[in-house]
Amino acid sequence: MRKIFKELMSDGTGYPLIGMYLATYVLLQYSGLFGPRPGSVMRVLHHAPSLAGVAALMAYGIAWGYRNRSGPEAPGRRRASSTLARLAYVGMMLCGAGIMLSSLTRFEGSLALTEGQEVSLAAESFDVGTLYRRRFSRVPQGTLVAGQIKQVLFSSGKYEGTSGAVVLYRKAGGDPRILRINSLFPVVHDGNTLAVDAVGYAPHVFLFDRGGATIDNFYAVLQLLPAGTEDMFRFEGSIPHTFYMGYYPDVSLVPDVAQRSPVKAGPLYKVRIARNLDIVANQYAAPGETVFFDKLIFSAGDIRKWVEVRIVRDPGMYLVWPGIALLLCYPIAIVVRRYTRKADT
Amino acid sequence: MMRSGRIWIAGFVLALIASFVEPGAYDHYRFTMDYDLRQQEAEAVKDTIKIFSGTLAGFYATGYTAGLRQFPAENPIRRRIFQDIRNWEQANMLLVMDRDRSTVKEVRFITPDLSIAVVDESWFSVYQNLQTRRQISEKKANIITVRYYLKKEWGRWIVFEYEVYEREDKIPPIAPERVLKWR
Numbered sequence: 043m044r045k046i047f048k049e050l051m052s053d054g055t056g057y058p059l060i061g062m063y064l065a066t067y068v069l070l071q072y073s074g075l076f077g078p079r080p081g082s083v084m085r086v087l088h089h090a091p092s093l094a095g096v097a098a099l100m101a102y103g104i105a106w107g108y109r110n111r112s113g114p115e116a117p118g119r120r121r122a123s124s125t126l127a128r129l130a131y132v133g134m135m136l137c138g139a140g141i142m143l144s145s146l147t148r149f150e151g152s153l154a155l156t157e158g159q160e161v162s163l164a165a166e167s168f169d170v171g172t173l174y175r176r177r178f179s180r181v182p183q184g185t186l187v188a189g190q191i192k193q194v195l196f197s198s199g200k201y202e203g204t205s206g207a208v209v210l211y212r213k214a215g216g217d218p219r220i221l222r223i224n225s226l227f228p229v230v231h232d233g234n235t236l237a238v239d240a241v242g243y244a245p246h247v248f249l250f251d252r253g254g255a256t257i258d259n260f261y262a263v264l265q266l267l268p269a270g271t272e273d274m275f276r277f278e279g280s281i282p283h284t285f286y287m288g289y290y291p292d293v294s295l296v297p298d299v300a301q302r303s304p305v306k307a308g309p310l311y312k313v314r315i316a317r318n319l320d321i322v323a324n325q326y327a328a329p330g331e332t333v334f335f336d337k338l339i340f341s342a343g344d345i346r347k348w349v350e351v352r353i354v355r356d357p358g359m360y361l362v363w364p365g366i367a368l369l370l371c372y373p374i375a376i377v378v379r380r381y382t383r384k385a386d387t
Numbered sequence: 137m138m139r140s141g142r143i144w145i146a147g148f149v150l151a152l153i154a155s156f157v158e159p160g161a162y163d164h165y166r167f168t169m170d171y172d173l174r175q176q177e178a179e180a181v182k183d184t185i186k187i188f189s190g191t192l193a194g195f196y197a198t199g200y201t202a203g204l205r206q207f208p209a210e211n212p213i214r215r216r217i218f219q220d221i222r223n224w225e226q227a228n229m230l231l232v233m234d235r236d237r238s239t240v241k242e243v244r245f246i247t248p249d250l251s252i253a254v255v256d257e258s259w260f261s262v263y264q265n266l267q268t269r270r271q272i273s274e275k276k277a278n279i280i281t282v283r284y285y286l287k288k289e290w291g292r293w294i295v296f297e298y299e300v301y302e303r304e305d306k307i308p309p310i311a312p313e314r315v316l317k318w319r
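Sequence lines, in order, name chains A and B.
For what it's worth, this note's numbering labels the leading residue of the first sequence as 43, then goes sequentially.
For what it's worth, this note's numbering labels the leading residue of the second sequence as 137, then goes sequentially.
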């Protein structure tokens, strides 16, 4: 064991060994062989085997740095006492420290807001299935208001663009700030990164009795994009029925793609109502039109857009990102140097 | 060169060993690699759906909760069924459902304990007077395709959600991440 350690320390082969271990471990987790595919790389790096690898990398780095304190060597026998090698070394240590910090403090969660809706941020306001909290994580504080929401652009059902939203973020006791967030690049504010996870339609749904009295009504947050996509909801507690809805806005979001229903022009809902296994209604209905079923009346009125905002609070990322930037300097500089040398000769 | 090759292989082997450390990782690996085990579980899922449909029809026909403990469904589904039965009882009616045909089209596993099954089902339903059991409606055919979502709890598959489509409807694809969130 001691011999192996000595050998690893003598020529720097500990770096590729641990690097290969970490890279393979992350890839194996994404292979789907050992569990469902994880959401983000950071979550895989929080697994115990990853953290053990990161800890080993940092310990090895510290020992290596101490041994080569006169100037670090590049992997292999070649001496690279350049500043770049030192920067790469610092970058690696920053990444390691960042991952460790992240494994203790990361908070991730998503919440859906319809246009104009205001939500106070608390652990309960996030969708349960999206919450990811490490031991010392802090829930973001403040309120969030959804402003204008931009739809995802689809052409023939294919994703073609980004979705975005304007949100008003007011941190506890602070001034409100307008943020333009999108699905591609997260926006950083008050220590949190905000991004758009999804956008969609929320129709205002009503349930009436045959006398016309309202039994229940709310905005149902549904995934109805692209046009015709179905989602379901229930008037929980009131009736045993399940409502399946699709929506055709009949608005051309991209040239030549009018999101029109196959039956008639204009905005239209597709409604299917099932009472347990029995389908009791299946038809198209214009906004405000009534659908009769089982001595009850259903109607979908105006429609609002909704946005699912993903909020991440992870102090570890403030170390990881600069670390990655420094690490990248090394291979870039080597490539640049090689090409400039070739050009000289 | 030989030495550096050995280093890469050592890193790979260590990662492979470490991958089995996570809870449930070995079971998931075994399930993914073992075709017979998957087939065995697929049969168990099919049996569960058969029990689900049979017991459901029994509940409607009798209005009794006999067999409720064996009914492989989560509480919200049970509640919706009995809410429906009570509604008909209050109207002095009984809904009798007969399953005519049932063909399992697909059984898919998201994890070893989470499954999706698509089933073509044909039912006939008729309303009867609760007291006299006299038929008070025409026999109605209900030709549907049901997408069942099942999870394994305490070694037993149970239905935790289902979607009902007309037979000619196109069944939309479902993202595994979404099902994992529902669970």
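Careful: at least some of the hints might be erroneous.
As the list claims (entries may be wrong) - A partial selection of chain A residues facing chain B, derived with a Cβ cut-off under 10 Å:
1. Leu59
2. Tyr63
3. His89
4. Leu370
Stated by the list, open to error - The list that follows gives simulated cross-link-like pairs (lysine-lysine, DSSO-like), each with its CA atoms no further than 27 Å apart:
5. B:Lys186 to A:Lys347
6. B:Lys317 to A:Lys192
7. B:Lys275 to A:Lys337
8. B:Lys306 to B:Lys317
9. B:Lys186 to B:Lys317
10. B:Lys306 to A:Lys347
Calculated from the structure, these hints are not laboratory results.
Every value quoted in this text rests on a predicted model; they were computed, and no experiment measured them.
No residue lacks a Cβ here, since even glycine has one placed at the ideal position from N, Cα and C.
Evaluation of the provided hints:
no.: 1; hint: Leu59; verdict: holds, 5 Å
no.: 2; hint: Tyr63; verdict: holds, 4 Å
no.: 3; hint: His89; verdict: holds, 6 Å
no.: 4; hint: Leu370; verdict: violated, 21 Å
no.: 5; hint: B:Lys186 to A:Lys347; verdict: violated, 40 Å
no.: 6; hint: B:Lys317 to A:Lys192; verdict: holds, 25 Å
no.: 7; hint: B:Lys275 to A:Lys337; verdict: holds, 19 Å
no.: 8; hint: B:Lys306 to B:Lys317; verdict: holds, 23 Å
no.: 9; hint: B:Lys186 to B:Lys317; verdict: holds, 26 Å
no.: 10; hint: B:Lys306 to A:Lys347; verdict: holds, 25 Å
Of the hints listed earlier, those the structure fails to meet are numbers 4 and 5, in rising order.
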